[in-house]
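Protein chains in written order, with this note's numbering: chain A, 1 to 610; chain B, 611 to 715; chain C, 716 to 1215.
No wet-lab data here; the hints were simulated from the structure.
Cβ atoms here follow ideal geometry from the backbone N, Cα and C, with glycine treated the same way.
You can trust all of the hints, since none of them are fake.
Simulated DEER-style distance windows between Cβ atoms:
#1 A:Asn562 <-> C:Phe1193: 51 to 57 Å
#2 C:Thr1075 <-> B:Met706: 54 to 60 Å
#3 C:Ile1130 <-> A:Ile532: 25 to 31 Å
#4 C:Ile1130 <-> A:Thr371: 54 to 60 Å
#5 C:Gly872 <-> A:Arg538: 24 to 30 Å
#6 A:Tyr556 <-> C:Pro721: 38 to 44 Å
#7 A:Lys370 <-> C:Lys822: 46 to 52 Å
#8 A:Arg560 <-> C:Glu1127: 38 to 44 Å
#9 C:Asn873 <-> A:Asn562: 18 to 24 Å
#10 C:Glu1127 <-> A:Tyr556: 39 to 45 Å
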Amino acid sequence: MEFFSDNIFLILIMPVWVCFIIASGIFLKLNISYKVTLMLTLLSSFTGLIFSGMLLKQNSLHTEVIESIFPWLSGENLNIFLGSYIDLTSCVFLSILMLISFIVQLYSYGYMKDNKDFNKYFIYLNFFNFAMTGLILSPNLIQMYIFWELVGAASYILVGFFHNDKETSKAAKRVFIINRIGDCAFLAGIIIFAYFSITYIKQPPDTFLAFNSIEDFRFHLLALTSDGFYNLILLLFIIAAFVKSAQFPFNVWLVDAMKAPTPVSALIHSATMVCMGVFLIIRIFPLLNNTLLYIILFAGLTTAVLCAFIACSRKNIKKMLAYSTSSQLGLIFTALGLGAIPAAIIYLVIHSFTKALLFLCSGVISKTFKTLDMDEMHSLRKSDFYLAVFWIIAALSLSGLFFGGFTSKEILIKTSSANIYVLILIFITSFMTAFYSFKSYFKIFEGEKNDILPVKEKTMLTALTVLSVFVIIPGLMFKASDFDKYCIIAVITGIAALFAAYFVYKNKKQMQGFLYNLSFNELYLPFVYKKIGCIFERVYAISDFTDKYIIDGFVYLIVRINTSFSKIISRLQNGNIQTYIAYSIFTAGVIISIVTLVYHAAAYAKGVSG
Amino acid sequence: MIINITLYHYLILALILFAIGFTGLVISKNLIKALICIELIMSAINLNFIAFTSFKNYIFLKGMVFSLFITAVSAVQSAIGLVLIYLIFKNRKTLMSEEIEELKG
Amino acid sequence: MNYIIPLVIFTPLMMSLFIMSPLFSDDEKIIRRTAKGFSIFHFTLMILLTAFFNFSQSEFTMKTSYKWIEVLGINANFEFDSLSLLLTVLTSFIFLLSVFISKNMIKRSYRLYYSLIFVLQSAVTGVFGAGDLFLFFLFWELELIPMYLLLLKWGSGNKQKTAMKFLLYTFFGSIFIIAGFLLLYYWNFISNGILSSDFNNINTIFIPDGIKALIFVLLFIGFGIKLPVVPLHSWLPDVHTQAATPVSIILSSILLKMGAYGIFRFNLQMLETVYEILAPFIMLLAAISIIYAGFCAINQKDIKRIIAYSGIAHMGIFLLGISSLNETGITGGIFQLFSHALISAGLFTIAGIIYVKCGTKNLLKLQGLGEKMPRLMLISIPVIFAGMGIPLLAGFVAEFLSFTGAFLFQSEGIINTKLITLIALSSVIFCSVYMLKIFHGLFFGEITKRLNKISDINIPQFAALAVIALYLIIFGIFPSILTNTISIYSTVTYNIAGVF
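One chain only, chain A, in its complex shape (with noise of 0.2 Å):
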């Protein structure tokens, strides 16, 4: 059916069109009725899922359509078309955005009806939407940066949303400003690559850095530059994929989004915009060499240990779920760099399923005990079974146990069964995996008293159903014959860290020790960035001097040259007469002896001469 992929630009159009008609409505003071926005909002995104949920079935032949629907830019040397790329990556990730999204503004609508900035909340979610679907359909590098950016100022806006909190406007422009630095770097390499491909590649007008035709790049680039500087222009988009999903050195962003409304953090910053690092290495893949795939490697297992190392530590609900997605990202990027796309997306959507789960739990908890820290928490098992159970299950999916996880963990597994180390790493990161997700089970739901009021709310609950069963289904599809000796002890992995939470939950202990403390202060990072901060801060100030007494002064020095000047010659005007008779009859003096001097020197040279 041909409909879908021609009309595609409906899906990124209807969530315009809806915040239009919200924001319309709230200019015009109409009191637009929330189930009405809800409405229309549930109309895009279904919309939406049904083009995504038919063209994944249309393109299991793994056929590719391109359209450039817009010329958006031409010129001379650039030739800009925006327009849609409809290949199974974009339709995985276009069915996870969607139906996601569905689901997520299904619950906003039990979680925020309290709220009077409702309206504008939903302006700001289809505003998201209409960003995420341009980036995931991108045919070009171009567009795909331009939808990138819109998505972080989209992310940009949900985190502030609060923005009565000084500490929520803190952490959105920290969370803007990282996101930029990755923007930066995507920028530069793409002009980098614009330059290559109008100086000396002169592709066809279409495909200006279009995706389908990238391999190409990688021959002329490395004929026309050495190997090194092809390996840093292509870890300029490495870089910007490592700050959009939160990998280590960048990873700081993601705690502070969690200021974010709690729909929001699920829909944002752990099931699609962070996604949006490991698309952009699976478009560019076919450029990557083995020294760039190696540094994807290295870093995304850096994160997962070093992220799972922190979240275990975490009191904070929401900012445990944000360290855990920075480590599950690692280890899909782990995949990426052994090689592994298939791996590496299964693992992603269901990761994204997973997370999305839990965050939504955690926003029913935040609920039900009106604070987010886990100190607080107990009992809940007692009076909200069925958040219990939903927890549980994301819990034995995180920690690749059973359900959906089980299959991912597996499928990663193998690929990377060839490589020691890393498999090493994965167990251990898979062990830390569980004890976190188990000890915050224990320590949120279990307990003697009994007397939590819970908070049920239709929408929310009908929102974690639908998501838990797609958590279940992929467990489904594992075939038993796939069942290896690291299966095995991947499963003892998670059940002895099971144990172990439950240990640490009976005992009650205050974890201690240096390793503790190394985890609680987030290895001292943000102290690092702090300092860092501060460097920048002097350099701002040094400049701002410079300009206000260097440049500025100079620009004064010369009217005080030029002032003590004018006073020093208006003092030959002392008033006193008598005075200037005598300057003037000097100068005259002067001015006729010198005249008389050069006539009669100019007589007596044209005497001799004539």
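Using the hints, position chains B and C against chain A.
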């Protein structure tokens, strides 16, 4: 010694007189002294003109007439100068030129 | 049709004389309404002119000429080509905007104010429409006096010192410009034997290389004081901080573009061969401008000063773009002129509204206004994002084209322009730091008790900002509207015979 008095002697005398008058004009703190020095300058100029007239071999009436003019002008000028100085004295109560510096700066 | 050009240039002057004359009423309402009506009329005139214009050529396509000083060969030539016309439309629009905004912000001596504004409009339109060296210089000097008086009478803070600084600094630049013009005029006489200062005759002049380089440097310094290039920029922050808001808007949106227009017309189009040699140095200066102004902006506490420094940085991007001497960069640079004009107009309007309502411009004392002014916060989001270079808004197109064009420049000397461009690209990060500083400092956080009684902006103010935001979005999504008319300027249009 018998020295022939030539034109130059008169001119040098006039120059000396002029110089004395000019110096006095510029240096003197008292305005009346300056006025007297202006008179000296005028008479030096007069001497100059008369010297030139008398050392000519032909009757050069223009020089004599001009020196008469200068004498007349000098007389008028000293009259006006005195009046001005009197008015300055009435206004300022001082005749020291150092203390009259309205045009300073 | 060509006689419209002097009409467009001189009607504001006549209007200003009319306002100042005793025939005109003294009532505030009538004065304001007449001024607004005239601005709308002028803008409509410009739009009509655009409809009849032939945008497809890069030479001057609309010309009128009047005899002026015949003896010296100086005629009053008025000429428009695509760039001049677009800049004049922009001028008209920005003056319209500031006349409408002046309602709340100028509270005394309205007659003098509006007449000075119209004299300024006349002068600036004349600069863009002049086709003769000395006519250009006449209008260039003409804008100094109304600007000085506007700064002096309606400014805040230490206005005498700042106004004098502006006047003397800019006038100092004009000395260099007139020196360059006189040299051009003189060499025209020597090489062609006729006295003429017409723009169109300049491509027939033969000038030896050293003198050409000297003229280039003189003109560059003169115009570089106006478009601030970094060592020569120190008049700008003080002037912007202490001027009244409509005056700040006009200054940053239009007067800086006069310097840019001068550099484009004279240094780039007429003295191109020198530009090709000196382009790496100019790119270095531009990159220093961008980064240094960005750093200075982050350290400021006064909203208008931050916006002033951001203006210097954006003009640095313009200079970087056109120094690339290829079509992409030049298109990007000229696009930047328009996008920056709109962005800084929007930003100064916001700052002005806040100043009128809250009585302060100091970010340390203002916070949390998002609660009380949600409409202002909503409409300032596109302006702030455009300033940062978010795509689908006009700022991104300009920056992307400029940086790409600058990177495409092949430099043979010791200065590695590609490295400079990549370093200047980090302005993307610093720009967002100070733009967010403005946005957060104004709207985020908890509102202080002192500001609790502030009311939201009314519909006319919202409409002004909404128009700017609308243009930014339109030019961001459909940049071809503008780039199709600009990109006819490829590198070689005016070339002085006598190559290096």
